[in-house]
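By our numbering, the letter at position 89 of the sequence shown is numbered 89, and the numbering carries on one by one without gaps.
Be aware that a few hints might be false.
[As the list claims (entries may be wrong)] When the alpha-carbon atoms are kept at most 27 Å apart in a straight line, the in silico BS3-like pairs for lysine-lysine are as follows:
(1) 696 <-> 630
(2) 271 <-> 696
(3) 248 <-> 777
(4) 271 <-> 248
(5) 487 <-> 516
(6) 696 <-> 679
(7) 210 <-> 625
(8) 291 <-> 481
(9) 271 <-> 487
(10) 516 <-> 481
Derived by calculation from the structure, the hints in this document are not laboratory data.
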Amino acid sequence: MAHPFRYFRKHQKAFMAVAVIIAMFVFVIGDYMVASIGQGGGQSPSEVITSWKGGRLTRMEIEVLTQRRYFLSQFLERLRLEGARRLMEEGGTPMMPSVPNFVFGEGMRPQDVQLGVVTTRILSEQAKKAGITISDEVINHFLKETSFRRVTDAEMISLLQGLRGGGDTRGLEEQLFSGLRELLLGNAYIDSYKDNVRNVLPEQRWEDWKRINDRISLEVATLPVTEFVSEVPDPSDADLLAFYEQYKDTIGHVPHPVLGTLLPSPDPGFKQPRRVRLSYLLGDVNAWGEKYRDSITEEEIADYYERNKRTQFVKTGSSPSAFDESLFDTDPATDEETPATDDPAEEPATDTSDETQEPPQVEPTEEIQTEVESDEEIPADETPAEEASENDGEQPAAPAEDESGSTRPAKKFQLTAFQENAETADEEEAANASTESEASDTETANAAESPAESDDEEDETEYEPLDSVRDTIRNRLATDKAVVELKKVMDRIYGSLQTEYNPYGFEVVSARSEKKEIPPPPATLTNLKERAAEVEITSEETVLLTQRELADTFVGKAIDAQTKSKYVTHAAFADLQLYEPMMAQDLDGNWYLVTKVEDVPESVPAFDEIRGEVLQAWKAREAAKLALEKAEELAAEAQKSGDILGTFFIGKQYDVTTTDLFSWLTFGTTPTEMQQGAKLGEAPPLEAVGPDFMTKAFELETGDVAALLNYDQTKAYVFRLDRRESTPEELRNLFLREANSWYGGQVMMMARWRNHERSVLDELIERVGVDVDKLEKFLRLDDEEQ
């Protein structure tokens, strides 16, 4: 029987999100009925979605909390960016603020946000019962630290006005403080359990280090499970029906996230997943650019070259690149949000990086950070001396001890950029300012006496000659023209489709509310091919695709052109209605005008309809058992013989291969992979080896032979230790040399904390009696209502 808290663990991203800079949704407290219509209508706002001992949340309350959570993430993200920009202008280097990070990570799904607000509410209630409080002073301090102490209170209000579009911000201030208070309470409560894992024993550090640095290779013989299917006898009808009942509500072939990587599922599944079919117009920028290439004149090319040679065509090594301050222009009233760039599949597996240049970001030192987690406690009894000095006494007084919101001794916040002696820094800054002022006055006077002198100076910078960059400029100008013209065409068609859809959408909503048959769409909403032919763009249509399949397509990875935050994949499986137009753009600048033309809900086929499929899956499961038995038999014989596997398997039907050197866990090889933390290692060329395989492989001594199925039970492996890269003595000496400076030490400790945190949350959910089943039903996308 599955663990009753499987859903909380499966969707732990709601409170363990990647802490990165990413703009989410502009907060608007909308009409709840709009959300209800988006989910199909007929839902009661007062319906209790989940309950626990002493608390409950209705549908409307969850929607309001979810909107507030989006607002908090949006505001804090902009506040942090603005502070980082100012710090960099002063010559500092932004490090992650030493306060909890409540900004959403990439690819955060609406269901994860909803689960997060439920979890936060439960944790904050437990914090209050434990006597923890969060005062307004603590919240103000949190905001100051988030902005790197570079944004004043008045400027924060301006940021709020930017989110609202101007006007009175009192309502948003209340939302800000109430939301942060709840998040900080939940953070303080879960953080109170952190002391149990703060101290890592030397033996644990040694084991952590070995899992990354101890590398081995294996001799392996592979027994494919398919070769044993013919030996499996047919099951009885009762056994086959029981097998169907066990897996009828499971969708097959959904990868399992295991220790930071995705492994193919070992379980069959007979439930048909929800699938959608999209029809869309594709505005290919490159194709349209070719149309305008011949229209670019030599005068345009020369003009572009002269205007941009100092920034784009400087010869390498000729002149240092200038610092472009525009990269940090994040004015909340004018900037456009940067779209998310990770895989929009439900369980993202690959990261799609935005290739456009973005402002330097404040990045975390580890991938996973819970929504209720912090590296430092909220200070209780005092305000850092550095902050008090910077604010010249304007910082509010620190809260009294009983208002601190923490039951443990307080710690000072201190950013890396503020480690220098404050008095020395002030003196140096004043001296530098005086010197710069005198130099500026001298330069001004000289400029007044000889205004033409600077113009006569020769430009010693060397540029790429025009002839060598002519084609590049021509292509760039053609692409620029294509972008402008293509957007005009797509906007015109989008406006026409939206005008046609509005009355039809109202008819659909009315039919649903009255429980009548949904009317067919007008021809003007289904004639995309004709519209495409009129303007010479491409019209395409997908087959029926699951969410994961759609996420692997170019159109699925395109991002809503209006919000800059929602993938086509997310919209198609969330709130996009049939024949409702959606304008999107991919990272290459191509435009997509998308409509959903078919939406097939998930379903469970009857046993008689898929009997053959059930029989095949049953036999595969039984064949895996036979393959493992045979592998264990061969392993025992090989160990008894004392031969290497290459010799033992001579004349037998199974080939033997030697793996590359591999470790139990790995940080990867790129800075991004290392930053994301340790993940399960691989043993090329073996496939889908899981943690059980790694455990057994690294326990092998010389001459030992073992047998095990791979993770998805498609192969049985017989394996023997080939060699170790380092001897135990060499490993010990290397560990002693770098134990205190090893990069992975902190990361591995954080992994221990996350495992401990999951256990704490599981125990809490059980103790307070959360109605998990009803909450899971609410969070799961109900295909019939979409």
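Verification of the hints:
1. Between residue 696 and residue 630 the CA atoms are separated by roughly 18 Å; this keeps the pair inside 27 Å, and the hint holds.
2. Restraint check for residue 271 and residue 696: not satisfied, since their Cα atoms lie roughly 34 Å apart, outside the 27 Å limit.
3. Distance restraint check for residue 248 and residue 777: the Cα-Cα separation of roughly 17 Å lies within the 27 Å cut-off, and the hinted pair is therefore satisfied.
4. Pair hint residue 271 plus residue 248 holds up; C-alpha atoms about 5 Å apart against a cutoff of 27 Å.
5. For the proposed pair residue 487 and residue 516, the alpha carbon gap of about 38 Å is over 27 Å, so the pair is violated.
6. At most 27 Å may separate the alpha-carbon atoms for a hinted pair to count; residue 696 and residue 679 meet this at roughly 17 Å.
7. Taking the CA atoms of residue 210 and residue 625, the gap is near 32 Å; set against the 27 Å cutoff, the hint is violated.
8. A threshold of 27 Å between alpha carbons decides the hint, and for residue 291 with residue 481 the separation of about 10 Å falls inside it, so the pair holds.
9. Taking the CA atoms of residue 271 and residue 487, the gap is about 41 Å. The hint is violated against a cut of 27 Å.
10. Distance check on the hinted pair: residue 516 and residue 481 sit about 48 Å apart at the alpha-carbon level, beyond 27 Å; violated.
The earlier numbered hints that this structure contradicts are 2, 5, 7, 9 and 10.
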